[in-house]
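Undergrad: Based on these hints, arrange chain B on the given structure of chain A.
Chains as they are written, first to last, in the numbering used here: chain A, 1 to 213; chain B, 1 to 334.
Hint data in this document are derived by calculation from the structure and do not stem from the laboratory. C-beta: ideal position from N, C-alpha, C; glycine also. Some clues are possibly wrong.
One side of the interface only, derived from the structure: several residues of chain A facing chain B at Cβ under 7 Å [what the hints assert, rightly or not]: (1) ALA22; (2) PHE62; (3) LEU66; (4) ARG69; (5) GLN74; (6) GLU78; (7) GLU79; (8) TYR83; (9) PRO121; (10) ALA125; (11) ASP132; (12) TYR174.
Spelled out, the chains give:
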Amino acid sequence: MEIRVNPTRMELNRLKKRLKMAERGHKLLKDKRDELIRQFLILVRKNKELREDIEEELSGAFAKFLLARAVMSQDNLEEALMYPTRKLTLDIDKQNIMSVNAPKFSWHEDSDQDEGNSIYPYGFAETSAELDASIETLSGVLSRLMELAEVEKAVQLLSGEIEKTRRRVNALEYVLIPKLTETIKYIAMKLEENERGALVRLMKIKDVVRAKM
Amino acid sequence: MPIDDTAYAYAVGRIRALEARLLDQNRFDRMIDASSAEEVLKMLTESEYASSFGELSNIHDFETILSSELRHIFDLLETITPWPELIAIMALRYDVHNLKVLFKARYLDIKSNLLIPVGTCPTGKMVQAVAEDDFRDLPDRLRIAAEKVNEDFLVNHDPQVIDLILDQALFEELISRAEKANVPFLKGLFIRQIDLINLKTLVRVKNMGFGREFFKKAFLPNGNLSFDQLGGSIDEPLESLIVQLGMTEYATLVDEGIRDWLDRGTASRFEKLADDYITAYLKKGKWMPFGPEPLIGYLWAKEVELKNIRLILVGKINKLPAEAIRERIRDAYI
Chain A
1 MEIRVNPTRM
11 ELNRLKKRLK
21 MAERGHKLLK
31 DKRDELIRQF
41 LILVRKNKEL
51 REDIEEELSG
61 AFAKFLLARA
71 VMSQDNLEEA
81 LMYPTRKLTL
91 DIDKQNIMSV
101 NAPKFSWHED
111 SDQDEGNSIY
121 PYGFAETSAE
131 LDASIETLSG
141 VLSRLMELAE
151 VEKAVQLLSG
161 EIEKTRRRVN
171 ALEYVLIPKL
181 TETIKYIAMK
191 LEENERGALV
201 RLMKIKDVVR
211 AKM
Chain B
1 MPIDDTAYAY
11 AVGRIRALEA
21 RLLDQNRFDR
31 MIDASSAEEV
41 LKMLTESEYA
51 SSFGELSNIH
61 DFETILSSEL
71 RHIFDLLETI
81 TPWPELIAIM
91 ALRYDVHNLK
101 VLFKARYLDI
111 KSNLLIPVGT
121 CPTGKMVQAV
131 AEDDFRDLPD
141 RLRIAAEKVN
151 EDFLVNHDPQ
161 VIDLILDQAL
171 FEELISRAEK
181 ANVPFLKGLF
191 IRQIDLINLK
201 TLVRVKNMGF
211 GREFFKKAFL
221 PNGNLSFDQL
231 GGSIDEPLES
241 LIVQLGMTEY
251 ATLVDEGIRD
261 WLDRGTASRF
271 EKLADDYITA
281 YLKKGKWMPF
291 GPEPLIGYLW
301 AKEVELKNIR
311 LILVGKINKL
321 PAEAIRERIR
331 DAYI
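This is chain A alone, in the form it adopts within the complex (with noise of 0.2 Å):
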């Protein structure tokens, strides 16, 4: 229950004020956790439609590869893909959210490679015309991939960090305030409780000192 202290004026005047301290930081939590469920709700939407366009996509891709991959031997389909044609780089900073770190991800593909070739790394003699279709998809959904990357570790650092403040929030909301209060009112009761005792006394010797004359 209430925390142990002695119940002095000090010892009231003291958890007034870390009373004040948790109502107000109370406040400052509540709002942050409010904006960041804002911030979050954003991105979450932004993560949604990009996911489930993305796999649609992707999908659509995986299912013409899996043609091409039925028409063409194993050993055929790898040695087509073996070497990639495309590099990507891709470069990690960081960008603040409500001081949440998020990944902000910036990339470019590798130059040392010519303009004119093309994204395909394979000849066409061995080669099945349905995998062309789905390296094509392939090759548009990756810029979107990062990007969905980048918002879903944002969106999975946000939520962690929404987990984080709501707990202090309900500690100091549920616990440390009722707390506070509760130990203040029972000095309060206290130091009442001694002041009419003191009084009481005080009567009392009167009253004897006033029967002796």
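TA: Positioned in the frame of chain A, the structure of chain B alone reads:
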């Protein structure tokens, strides 16, 4: 012909017996209608493939069976053919595959396990050749091509060019070997394969949005359809190509296959028809009593059969609708 046709009597006899054991359309239909991959497997164990598929513990390992079957066919043909050069010619494709793999592995600085142990040059020797830039043991055209690949890659770093150069060299080599051996049937096969690949490449290059120059790089010479005949179509709608080829032997194939490709955006029909076209061509040689034709036909028939089995297994494992499998299944040789 390098040797007397009657020398083929034994080989053709063996082939006749083996042909009877090829899977027919009927059996493929049953496999397509099977409810699961396991059921397909069961049907396979009741066929010619009983011993090899019987040992398969995990269905996803079926590729190892297919490649050992391929190896097996080549071994068999090697023992029965009176003319080993024929098998060497037919195996050249796999040499070129191995070359591609090894070049790419070398440029990536990795080890690769994608080699197919069927080629004329043992894989160990091939590995050494690529590692040491010593292509003396390869046929001349492939040697020159391999050197060209080395030069080009250092400048352009384009893996596609590796394939393009080697494919071109392969088909030039095939044609010249068939000419040298004076087997018109074999040359006819390669010419048709070249034409069909070129037709397919034309549409693919067009779909990729590349122009005439690029098509020239990917074009395989020596076909019946010359670059001048096909190259013009790259900037025109494909309809005109269909009309233009209306008088050639590919008329129906082009009309049906390319139209379907245009309508549905998938080459599946065209590729099936192209393979069927080759099958139909080879079937003409099937009843030759003496000569290399039945051997060539049987080899192709086996390759197509393995392709069909792969298609059905991949389809069933991934639960493709039966129709998607059926429309891609190649005609059986028998």
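Undergrad: Have a go at the A/GLU78 hint: is there a Cβ in chain B nearer than 7 Å to its own Cβ?
TA: 5 Å, holds
Undergrad: Identify whether the interface hint at A/ARG69 stands, where standing means a beta carbon of chain B within less than 7 Å of its own.
TA: 6 Å, holds
Undergrad: Report holds or violated for the interface hint on A/ASP132, using the least CB-CB distance to chain B and a cut-off of 7 Å.
TA: 6 Å, holds
Undergrad: Interface hint check: A/LEU66, Cβ to nearest Cβ on chain B, cutoff 7 Å. Holds or violated?
TA: Since chain B brings a Cβ to about 6 Å from A/LEU66, closer than 7 Å, the hint holds.
Undergrad: Given a cut of 7 Å on the nearest C-beta pair, is the interface hint for A/PRO121 held or broken against chain B?
TA: Constraint on A/PRO121 satisfied, holds at 4 Å.
Undergrad: Given A/ALA22 as an interface hint, is its Cβ closer than 7 Å to any Cβ of chain B?
TA: 60 Å, violated
Undergrad: May I ask you to test the interface hint for A/GLN74 with respect to chain B, counting a Cβ-Cβ separation under 7 Å as satisfied?
TA: 5 Å, holds
Undergrad: Mind checking the CB of A/PHE62 against every CB in chain B and telling me if the closest is under 7 Å?
TA: 10 Å, violated
Undergrad: Does A/GLU79 pass the interface hint, meaning its C-beta sits closer than 7 Å to a C-beta of chain B?
TA: 5 Å, holds
Undergrad: Answer holds if the nearest beta-carbon of chain B is closer than 7 Å to that of A/TYR174; otherwise answer violated.
TA: Violated, because the Cβ-Cβ distance from A/TYR174 to chain B comes to roughly 52 Å (cut-off 7 Å).
Undergrad: Was the hint right that A/ALA125 lines chain B, CB cutoff 7 Å?
TA: 4 Å, holds
Undergrad: Would you check whether A/TYR83 satisfies its interface hint, that is, whether its CB is within less than 7 Å of any CB in chain B?
TA: Constraint on A/TYR83 satisfied, holds at 4 Å.
Consistency note: the structure conflicts with the earlier hints numbered 1, 2 and 12.
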